[in-house]
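Undergrad: Take a look at the letters that make up each chain.
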Amino acid sequence: MTAMLRLGGVDVRYGAIPALRGVDIEVREGEIVALLGANGAGKTTTLRTISGLVRPAKGYVALDGKRIDQVSPHRIVALGIGHVPEGRRIFPRMTVLENLEIGAYRRRGDLRSDLQHIFGLFPILEQRREQNGGTLSGGEQQMLAIGRALMSRPQLLLLDEPSMGLAPLVVEAIFDIIERIRDEGTTILLVEQNAAQALQLADRGYVLENGSVVMADDAEALLGDERVRVAYLGEGAA
Amino acid sequence: MCFTQNFSQYLVIGLANGFLYALIALGYTLVYGVLQLINFAHSEVFMSGGFAGYFVLQAVVGKQPHGVMSVVMIVLGIAAGALGGGLVAFLLERVAYRPLRRRKAPKLAFLISAIGASYFLYNLAGKEFGRTSLSVPYIFNGSNSGIAFTIFGAQVQTIYVIWAVAAIVLLVSLDRVVAKTKLGKGIRAVAEDAETASLMGVNIDRVISQAFVLGGLLGGAAGFLFGLNFGVVYTMGFTPALKAFTAAVLGGIGNLRGAMLGGLVLGVAESLPLSCVNPAWQDVIAFGILIVVLLFRPMGLLGERLGRSA
Chain A
1 MTAMLRLGGV
11 DVRYGAIPAL
21 RGVDIEVREG
31 EIVALLGANG
41 AGKTTTLRTI
51 SGLVRPAKGY
61 VALDGKRIDQ
71 VSPHRIVALG
81 IGHVPEGRRI
91 FPRMTVLENL
101 EIGAYRRRGD
111 LRSDLQHIFG
121 LFPILEQRRE
131 QNGGTLSGGE
141 QQMLAIGRAL
151 MSRPQLLLLD
161 EPSMGLAPLV
171 VEAIFDIIER
181 IRDEGTTILL
191 VEQNAAQALQ
201 LADRGYVLEN
211 GSVVMADDAE
221 ALLGDERVRV
231 AYLGEGAA
Chain B
1 MCFTQNFSQY
11 LVIGLANGFL
21 YALIALGYTL
31 VYGVLQLINF
41 AHSEVFMSGG
51 FAGYFVLQAV
61 VGKQPHGVMS
71 VVMIVLGIAA
81 GALGGGLVAF
91 LLERVAYRPL
101 RRRKAPKLAF
111 LISAIGASYF
121 LYNLAGKEFG
131 RTSLSVPYIF
141 NGSNSGIAFT
151 IFGAQVQTIY
161 VIWAVAAIVL
171 LVSLDRVVAK
181 TKLGKGIRAV
191 AEDAETASLM
201 GVNIDRVISQ
211 AFVLGGLLGG
221 AAGFLFGLNF
231 GVVYTMGFTP
241 ALKAFTAAVL
251 GGIGNLRGAM
261 LGGLVLGVAE
271 SLPLSCVNPA
281 WQDVIAFGIL
291 IVVLLFRPMG
301 LLGERLGRSA
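Which chain is which? The protein sequence lines are A and B, in order.
Numbering follows the numbering used here, with no gaps: position 201 of the first sequence is 201.
Numbering follows the numbering used here, with no gaps: position 310 of the second sequence is 310.
The hints are simulated quantities; they were obtained by calculation from the structure and are not laboratory data.
Please read all numbers here as calculations on a predicted model, not as lab measurements.
Be a bit skeptical, because a hint or two may be false.
To be verified - Think about it this way: if two alpha-carbon atoms lie no more than 30 Å apart in a straight line, the pair counts; the simulated DSBU-like pairs of lysine-lysine are:
| no. | chain 1 | residue 1 | chain 2 | residue 2 |
| --- | --- | --- | --- | --- |
| 1 | B | Lys104 | B | Lys182 |
| 2 | B | Lys104 | A | Lys66 |
| 3 | B | Lys104 | A | Lys58 |
| 4 | B | Lys182 | B | Lys107 |
The shape of chain A in the complex, shown without the other chains (with noise of 0.2 Å):
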């Protein structure tokens, strides 16, 4: 199978100081990936990268084999990448419906078909239509976060921390709708502290330190290797 999407030698700066040192990730259709790695590892500023928030200063970003490390934001968007951010960032002020609106904000023509396949993922986001976005709790903030990204129908979903800050059970529900997200044809690549969790979602892994890849495998070799469980998944040295 080919990459839909590849990072070769990827280094990103903020100013002075290195975040990315030569990553290279791919990703490749139908597939769940996760970025593992502590704070300040890289994981967001990869998913940025890609995005085009953040502009590498080495290396390149594929999708489709074609590069779009210099694209605008709103274009990559437009190519098939959806980005559910850090921390939700839906827009407080503005009802749920408008945060979903707002997701298709690229496309055109009849949303009705796109609203029902959302609400039938998350019914509860239905029922708060009508609600300012800031009022919502934060699984449900999660969810129409999920639900904004998935509104531009794009092929390939990146997902930064989806757990975070989420009570276990919302935790489980918001990993079962990625898995049917994925069966139903979107690509996903997953940021994720809970490793655990992750991995046993996942297909394949990456674990990134102090921006660099240290480790990619399948998720069940990962997910058995010694220096992944002490480091990520809380075991002790067996």
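We have chain A already, so just place chain B on it with the hints.
TA: Chain B alone, transformed into the frame defined by chain A:
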């Protein structure tokens, strides 16, 4: 007798001025919403609308229109003013703001750039169109300031009726556009969180431009409406725009309905006291209000709504 004599007359004048302030104030608040910057060149957008309306009417008005033709002329003048204002606002954003944004310049640079653009524009207008006030052709039964009717002892000039009707139509239209259309949703999304809006496919540059143009349309229309009564001259933008800025701050900068309310409140607040003090106090009162608001309620009457949540 303070506040009793001519009370209704000053109320009418205040409301009439307030409608114009509201139209201009929206330009400040729209741009502030998406950029968190005060466009201090908005006075020249207003002035440009005045001249655009003047020249178009100058070209088309025959002998003393009345009846339906008067209305046609008003609509034409408003459209010309709006287009003139919208065009100048569009160019301002391109020339005075966008290059600085590209370079991620500090806010002070934008302020200086706007003031520079403002000086450039009004001096250009002064050089091209002369330094004396030009009368807009009479379009209403041989006068632009006749009395339409009298209510509670207040004489209501025809021009006040025109201002009120035009402003209400424009204000309601803008409110609907921002609430219901894709353009409006884009503006609100950028105002709330520009980066996330771009992740949703919103072109931030285009939305900023749209906010300038929308504000320019209203400001330009206001310029024409103002000129209809007071004539047009290159310096005409300075005081009304500064008052409209006060109105925008009073209503809560970034808040559209706040700007509308702020305009009317300011118009009335600076006018009513004139029933007991010398009219020379009018501007002193208006800018006194600005200082008081900034000191005691910097978020304005309705608070900041379009802008960030934090």
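Undergrad: Now look at each hint and say whether the structure bears it out.
TA: Do the hints match the structure? See the list:
| no. | hint | verdict |
| --- | --- | --- |
| 1 | B/Lys104 - B/Lys182 | 28 Å, holds |
| 2 | B/Lys104 - A/Lys66 | 29 Å, holds |
| 3 | B/Lys104 - A/Lys58 | 22 Å, holds |
| 4 | B/Lys182 - B/Lys107 | 29 Å, holds |
The structure is consistent with each of the numbered hints, conforming to all of them.
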